[in-house]
Structures are given as structure tokens and as C-alpha cells.
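**Student:** Taking the hints into account, I'd like the entire structure generated from these sequences.
Number of protein chains: 2
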Amino acid sequence: MLYVVGHKNPDTDSICSAIVLAYFLDGVPARLGGVNPETQFVLKRFGVMEPELIRSAEGKEIFLVDHSEKSQTLEDLEKGKLVGILDHHKIGITTSEPIIYLAKPVGSTATLIGELYFKNTLDIIGGKNKELKPDLAGLLLSAILSDTVLFKSPTTTDIDRKIGKKLAEISGIEDIQTYGMELLKAKSTVGKMAPEEIVKLDYKEFNFNGRKVGIGQVEVIDIGEIQEKKEKIYRILEEKLKEGYDLILFLITDIMKEGSEVLVVGNKEAFERAFNVNLEGKSIYLEGVMSRKKQVVPPLEKYYKEISNKK
Amino acid sequence: MLYVVGHKNPDTDSICSAIVLAYFLDGVPARLGGVNPETQFVLKRFGVMEPELIRSAEGKEIFLVDHSEKSQTLEDLEKGKLVGILDHHKIGITTSEPIIYLAKPVGSTATLIGELYFKNTLDIIGGKNKELKPDLAGLLLSAILSDTVLFKSPTTTDIDRKIGKKLAEISGIEDIQTYGMELLKAKSTVGKMAPEEIVKLDYKEFNFNGRKVGIGQVEVIDIGEIQEKKEKIYRILEEKLKEGYDLILFLITDIMKEGSEVLVVGNKEAFERAFNVNLEGKSIYLEGVMSRKKQVVPPLEKYYKEISNKK
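Protein chains in written order, with the UniProt record's numbering: chain A, 1 to 311; chain B, 1 to 311.
Certain hints may be false.
Any copy, or any two copies together, can satisfy a pair, since identical chains are not distinguished.
Taking lysine to any residue pairs in the SDA-like style, the calculated list, with each CA pair at most 25 Å apart, reads [unchecked claim]:
id	residue 1	residue 2
1	268	97
2	293	61
3	302	2
4	257	272
5	119	129
Just so you know, these hints were derived from the structure itself, not from any lab.
**Tutor:** In C-alpha cells, the structure reads:
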């Protein structure tokens, strides 16, 4: 049986893309972790069930969506049969046999599914050219809006806007902006959440030239929502650092101001050098930085590669 | 400027796919080595110029076709900007930023270009939906016939056959089989070639868990063509082994008998274990083995991974 699965600590794109791609591939949508409040809002809004929680790849055919890195996927991926990947991140895996791989620098994985659908060409990645129903179109639209922060993130492309508009028509969403704000508010329930939950909400682990680096992110409409929890979050990150990390960053992204406060724990020199900044306290505000993928991962990866080459 | 380039020691698929994809991407077709006799025959047949020979990625935008492994591409790839990959081999690279990547287990890269063209969807990988002229359709057909050994190789899929047929119609090739035999004969000029040239003809280097492995291949219609050169080829491989190789294999593939005689130099135990065979002399005939990619690389990669894990 084919399982379509997004990354650990799934966000709306990982959950919704898994559900919709599984529909086209006649597979089972799956997830590697809990469904966050924003995604819960989306699934409820369109009346779609949560994907199945899986913990092992053993005996399964696997199609990854929205990620390719080993640190973000099933621990025992090699026990299953990886048949394909659909993603919009950097290439994070090598394989020992040919597989289907479609990746492209667009705002979300959902954008790619939409693009293939509207071109009637899902069969390129092994899918059937079935009809996209309004509920599933709504999931894809939500994933695009979530990943591109309502088309404001620097990862946004014209393709995201074009596909988003077409999906809105099918799904019956008349005003994308209004729906998008509802979505962001559902995400921004951080005011009510415990610091432990906030840290886990959207946390990803990376391996940069052998060094383990964690990067968490939370998006807020008003930074005041999280202000009083920052100290506690910082202490949780310090504790987490002991799990073999070289560096942990936590981005508090202010959607309205379009920038992020970055909490830095661990190898502060790496952070300062990678971003060419001076860190004086525990955190620094980086104007315009909204995308982990496009603005945070590349400079860190470059830095770790350089120091590794010097050795 | 965007350069579209195939692998080192280019074969017909690497050269022809680079030419045709460059046409759709408005880029420059390029190559990393000499044009072999078969490809020369194809270019002459359809009146198309050789791609430009390049030696460095510096200052260039690069789109790779028919490969992704670092050992098979430009030495200084990181000095250029890698924008995309179109391939039918295993995933052999990771990147630090998102790129376009389309891979799929079909018989040739040319098959994928043809598939995108007939679906009017080359824009998915950044191409323009221009018309495919008969000469370029002829190149793609030739690449498919070459890589799938006239649809006989186990890598052949129904997609290759379907796309090949459509390309034949556009290119004006009325009888695919007859043209295919002409092509294979052009390849099989090994009878006239020096052993040094035969070894270089289609030679690929791999890195399996830190071990350097070379796998060369030559396809013949009649194994007699090469019989008397085998000893000399073996001595050349023994000499080559000193360049830091753990193992070198050389496949003499008999297209008609559909099997390969494999010359083995270096770590013979690795070969025996990977293929579960007993090697008594310098070579062994493996019935049914025609594809380096599908039948030779995977067992070797698996073996080297396993011994590396045991350490």
C-alpha cells in the first residue's frame, strides 16, 4: 500500500498536500505528528478527516510530500520502499535507485499539486487525472496561504498567486484575503498555548556538515501575544540544546511587520557569522526575514560548509 | 546565461537531451567530453551541431540532464548556479537551496522531455511550449533507442515505447526497428577502435560510501568484435585502478544475447558479494544483465553501504 506523508511536526502544507496527493495517487494520506491548530481549523472548515498517524515505513510504499531530508522524515525510511517525492524545498536526500522526484522553488507543495492538476498532467508523477472536488481544492488553497503567509513571504511566486486564485474558485472561497486572515488567526492561538507547545509547533531539525541544528518558527499577528512567554521558550531551547545540538534558533515571525525576532541558543558565533550580525542579548530582530527555507537555512548551511572545508 | 549539460563521457542521451532541452529553455547546449561514434552518427543523420564543450561552471547558470552525481558532472559545479535537473537515474545530489528537479524511472532523459512536450507542459520545469521540429524529435528518438537498446533493456517502460512512437512520427522515421539497428551498428564501431578508446567510451565513476568505483560499458552486436581486445582492456583497467579506485567493472554487453560479460578489477570480494556469484577468472558472464543503472549500481551501492554500517 502506498502512503503519502509530509514531514515531522506537520504544518498545513504537509497535511493538506498529503491528503490531496493521496487522492490522486490512490494512496493513504499519512502524518508523522499531531495536527496543529491552524490545520485543525482548515480540516474542520472543509470537512476533511485527519490523515492516519504512522510511525514506521516497514512494509510500506512511501511517497514524501513537502520534505526530503532524513532528519524530517520516518526514522526507518529505508525499511520501506520510497517511490516518490513532491517538494518545494532544497534537495535533501540521495537514493540508491531511480524514483519519481518533482521539486520546484515555489511557495508550497500544494502549489505544485495544483499546477499539475490544472495542466491535467498528474500522471507525470504517477497520479490519475481525477476531478479536484471543492473540499480538496480548499485544502490546497489553505496550504498555499499558510506557507506563503497570505502571499507575503519572499518564497511567494506568481505561480502561487495564479494557482491560489484558481483553487479559490473551485473551493467556493470568494474572498481570499478574508479567508486568509481567518486562517492566520487560527494559527495565532499561541496566546493560549503553553511555551512547550509553541516550541514544538513548527520545529525542524537539520544536519549541516555533521552538525545538528534546530530551527523552530512561530508566526504571530501581534508579537505581544508571545512576549511574556519568550523567557520560558528560551529556557526550553537551552534544555533541548543538550540533545546533541550545535545551535538552535527560534523565529518569532511578525506577519504584519514582516520580520522575525530570532532567539539564539548554542553556537552564537555560527549565527553571527552566518547572518553577519552582532548578537548582544539572547535574541535579535531581523527585518524582512520571514522564511526559514529561503532566508535562514541557506546562510547557515553555507557557514557550516565553509568551516568544515577549512578543517 | 543558462547552460544545459549532460554527464562526463557523454552518451547519446546526454548530448541529445542537452540539445533539445536547451532549445525549450532558451539556453546553450553543452557537453563535458567528446562525442562518441553513435552520437556523431545521430547528429549527422539529423543535421544538428555538436553542443559546446565546457570545462567550468563559473559564472554560469547550469541545468543538468541525464545525471545528478557530483562525480559525473562539472568539477566546480558549486562555482556556478545550479537551477535545475532533469534525469532518469537515482537521486545523487543534495543542494543548499531549492531547485527544479524532475526525475522519473523511465528509459531515458529524452523520454521525459518528450513526455513534457506532448503534454504541452514544459513550463513545469521552466521551459517554453515551443514546437518540436523533426530534427530535434529525431534526436530524442535516437536517445531513447540508444538508452533502452532498442526497447530491450530492462529499464524500458511503456512510456518509452509510447513517446518513441510519437517522436518517430514527427521525425519522419518510418521504421523504428530499422533505424534502431543502424544506430546500434554506428555504436558498434568498437571493432575499429583502440582498447583505450573503448574503455573511455561510456565510463562512469561512482562514490559508494566513500569508496571510488568505476563502471564502464560497451554494447556490441557481436561479442567477437571485441574478443581479441579484452586482454588489453583488462590491463588498462588494472592501470586505472591505481587512481584511488576500490573496484572497476567493465561490461561488454551483447545486445543480441541480452547479457554482459563483466571484467572485474580490484576488490573482487565486493563484486562477488554484491552479485552473489563466484568469480573464477578475470571476468564472468551475467545472463540478462544489460543495464548499469538498474542492475549493476544498486547491488554495489547496497553492498558498500552494508559493510560501512558494520564498521
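**Student:** Now look at each hint and say whether the structure bears it out.
**Tutor:** Structure-based check of all given hints:
Only between protomers do residue 268 and residue 97 lie at most 25 Å apart by alpha-carbon distance; the minimum there is 23 Å, versus 39 Å within a single protomer. When the C-alpha separation of residue 293 and residue 61 is checked against a cutoff of 25 Å, the pair qualifies only between copies, where the shortest distance is 21 Å, while the shortest distance within a copy is 27 Å. For the homomeric pair residue 302 and residue 2, the shortest alpha-carbon distance between copies (23 Å) is at most 25 Å, but the shortest distance inside one copy (36 Å) is not. Proximity of residue 257 and residue 272 under a CA criterion of 25 Å is satisfied intra-copy only: 23 Å inside one chain copy versus 63 Å between copies.
In the homo-oligomer, the alpha carbons of residue 119 and residue 129 lie at most 25 Å apart both inside one protomer (10 Å) and across protomers (13 Å), since each shortest distance falls under that limit.
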